[in-house]
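*Asks:* Can you make the complete structure from the sequences, with help from the hints?
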Amino acid sequence: MIKFGKSIKSVIFIGKGAKGSELSAAKELQKYIHKITGVLIPVKSEESMKKIRFESAFLIGTPFTSEALKELVENRLILTPKDDEGFVIKSLRLNRLDVIVIVGLTGIAVKYAVYKFLEKFCDVGFFRDGERHPSLEVLEFEEIDYSDHPKFKYRGYLAHTWIGETRYRSTGLWLFDDWKRLLDWMSKKGFNLFFPILTYNEIYVRQFLRRAFPDVDPSEAARKAHPLPDELRLKSLRKAIEYARKAGFKIAYWAFPRHPSGVEVYEEEALKRFIGALVDLYGKPDFFIASPWCEFPSPGGVSRWDAEKKIYRTIKLISPGSDLIVMTWDWFIPFWRSLSTGSTGFFGRLRFPFDKIFAEWEAHKKMPDDVIIADWDRNFFIPTNGFEGRRWWYQTHISFEWFDLPFTWFPPTMYPVNYAYEKKAEGIIIFNIAEFSNVLLCDYMAELSWNPELKFERFLEYYAKRRYSRGSWRAMIECYKLLEKASRDVLVYGLVSWLDPLSNLEKVREEDLERCVSLCDESLSKALEVYDLERDNELYRNDLLELKLVVYKLKAMLHLKRAMKNRYENPCLFNKNLSECIRWLKKALKELEGDARFSISSTREWIKQVSGADITVYDEASKAHKGFITCPENLRELIKQIEKLRRPEEKDKPA
624 MIKFGKSIKS VIFIGKGAKG SELSAAKELQ KYIHKITGVL IPVKSEESMK
674 KIRFESAFLI GTPFTSEALK ELVENRLILT PKDDEGFVIK SLRLNRLDVI
724 VIVGLTGIAV KYAVYKFLEK FCDVGFFRDG ERHPSLEVLE FEEIDYSDHP
774 KFKYRGYLAH TWIGETRYRS TGLWLFDDWK RLLDWMSKKG FNLFFPILTY
824 NEIYVRQFLR RAFPDVDPSE AARKAHPLPD ELRLKSLRKA IEYARKAGFK
874 IAYWAFPRHP SGVEVYEEEA LKRFIGALVD LYGKPDFFIA SPWCEFPSPG
924 GVSRWDAEKK IYRTIKLISP GSDLIVMTWD WFIPFWRSLS TGSTGFFGRL
974 RFPFDKIFAE WEAHKKMPDD VIIADWDRNF FIPTNGFEGR RWWYQTHISF
1024 EWFDLPFTWF PPTMYPVNYA YEKKAEGIII FNIAEFSNVL LCDYMAELSW
1074 NPELKFERFL EYYAKRRYSR GSWRAMIECY KLLEKASRDV LVYGLVSWLD
1124 PLSNLEKVRE EDLERCVSLC DESLSKALEV YDLERDNELY RNDLLELKLV
1174 VYKLKAMLHL KRAMKNRYEN PCLFNKNLSE CIRWLKKALK ELEGDARFSI
1224 SSTREWIKQV SGADITVYDE ASKAHKGFIT CPENLRELIK QIEKLRRPEE
1274 KDKPA
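Residue numbers for the sequence shown follow my numbering, beginning at 624 and rising by one.
Heads up, some of the hints might be wrong.
[What the hints assert, rightly or not] Result set (DSSO-like, lysine-lysine): computed pairs, CA atoms no more than 30 Å apart in a straight line: (1) Lys626 - Lys654; (2) Lys667 - Lys739; (3) Lys1046 - Lys988; (4) Lys626 - Lys705; (5) Lys939 - Lys858; (6) Lys907 - Lys869; (7) Lys774 - Lys988; (8) Lys629 - Lys673.
[Stated by the list, open to error] For each label pair, taking beta carbons as the anchor points, the in silico distance ranges come out as: (9) Glu890 - Glu651: 45 to 55 Å; (10) Lys658 - Lys705: 24 to 34 Å; (11) Leu855 - Lys658: 32 to 42 Å.
These aren't lab readings, by the way, just hints derived from the structure by calculation.
Using N, Cα and C, we set each Cβ at its ideal position, and we do this for glycine too.
*Replies:* Written as structure tokens, this is what we have:
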């Protein structure tokens, strides 16, 4: 048993040649053990190992910067890590003293190892919505012999929300501190690819448009998307990218000018100005990700590859050394239409002839060998049939909120990641469309990016131990198992999240909705069992709020479903069910109003405070998503809509 804590003489030893990342890793280990035990363990060079008296110690670093670690590897007392990002954690008895060795082949690997040690052996939780650590007088470890390495060479995480899309602050309003919190979390979870620039929320500030296209006036849409001053946002994002580079991240940018620039991307000169401005402002990236989306068809029906071919030439000219990544959703969904040519509605897109889809597929088989394929979400792409031997990545997105997209829930999510690993995908990108709203699924995806065969049941125990007190684990595990069962068995597509619940209600059977409500209600009851134990745990309070919102909104939708059956035959019963629906929505509204983070008005005040910007542009932008019921303002709007459905309680049927 190796012990660290009060009344125990301990040291953290580093190699005499230790550099940046190794020193940082040692400091992080020191910091978190101090948080857990209250004891600040000194960090010393291995040269003092024989001079200092100690009872337990850590020895961390690489065999190239530490003579002691080099000797241990050569004598096969510890295994050599599998690759540049892999690591070994092992307890040893050296010179009759207890030592935990943490070794990687690079400084980055050592940092990954320290964070994994803290998570796996100290029950420290690093989550998107915060951190948690136990409070102990003494940390005790039995024999440790653990090694790991990432199963994907590139592991990216894309934080992305548009203004008004969720009740949390959009990334379009993030400043440097917001980006830094994301990057620090990504380091702790073993990600190594930073993808900060997506659509006009991150690029199309007016200053950028003027720099890239001096002859184009920034559009009204771009103005509304950015209530913050241009230079403030440009500096914040530029600083974040510099911070990511210093932390060892690879960098990826979006490769195409998109709406609302008003620029036709098929013009190669426009592409050159766009890519040139990106590189000038933010530096040369490792990757450009191409998704042309909604451009005019070109001869031969291969508009996607026609556009990508031009961006490929532009990248080789302006940013040599950067690789191009193309997304398969553009091959299978080539019916995206230009904003200037008509509706982009889903059913309108389906009118695109299928022969054009196959033309895209065949055209992409002729791509240059160094182009990377990124499969989008559900195994559309199989790396055979003309694509053998090509570099490919897997990209998935996490649902907006609980029960938003059932096919991105736990068991289905694991399968494509596991498949991508078996088929030797080079990278994985986790596209989190709504920050913080589904922290559990986000954490599971982060674990899968290193260990794609991790079963959900094993992960759930690992998650609960890091997030809750010991006495709460079982109840919270049962809570999430019930949620998982509800999401697997019941199709409640879009009822409690971003899609308009009124338009989706008729797709759901009443008996399915009843079963789902019952499971979620039981899940909430399990969570409430441990309220007294967890009331001071902010992460638990976050989870409890999400669970309450799920249950209240589902109950509201169930009563609305029942009301619709009696709209004409029994107005009295119709109105009774409608009242119950409104009652549950008002309970959800009360929960949201209790937290200032979730209101449009609080974000308005924040904008005014940091920038003095024109608030009206945010008000206009935030109204873009009327179906969203995730902030108090939009939930009040939904309640008003449902109130209008009330019928006069008279016997005669309406015409």
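*Asks:* Take the hints in turn and mark each one as holding or not.
*Replies:* Do the hints match the structure? See the list:
no., hint, result
1, Lys626 - Lys654, "holds (17 Å)"
2, Lys667 - Lys739, "holds (22 Å)"
3, Lys1046 - Lys988, "holds (18 Å)"
4, Lys626 - Lys705, "holds (28 Å)"
5, Lys939 - Lys858, "holds (27 Å)"
6, Lys907 - Lys869, "holds (14 Å)"
7, Lys774 - Lys988, "holds (26 Å)"
8, Lys629 - Lys673, "holds (23 Å)"
9, Glu890 - Glu651: 45 to 55 Å, "holds (48 Å)"
10, Lys658 - Lys705: 24 to 34 Å, "holds (31 Å)"
11, Leu855 - Lys658: 32 to 42 Å, "holds (33 Å)"
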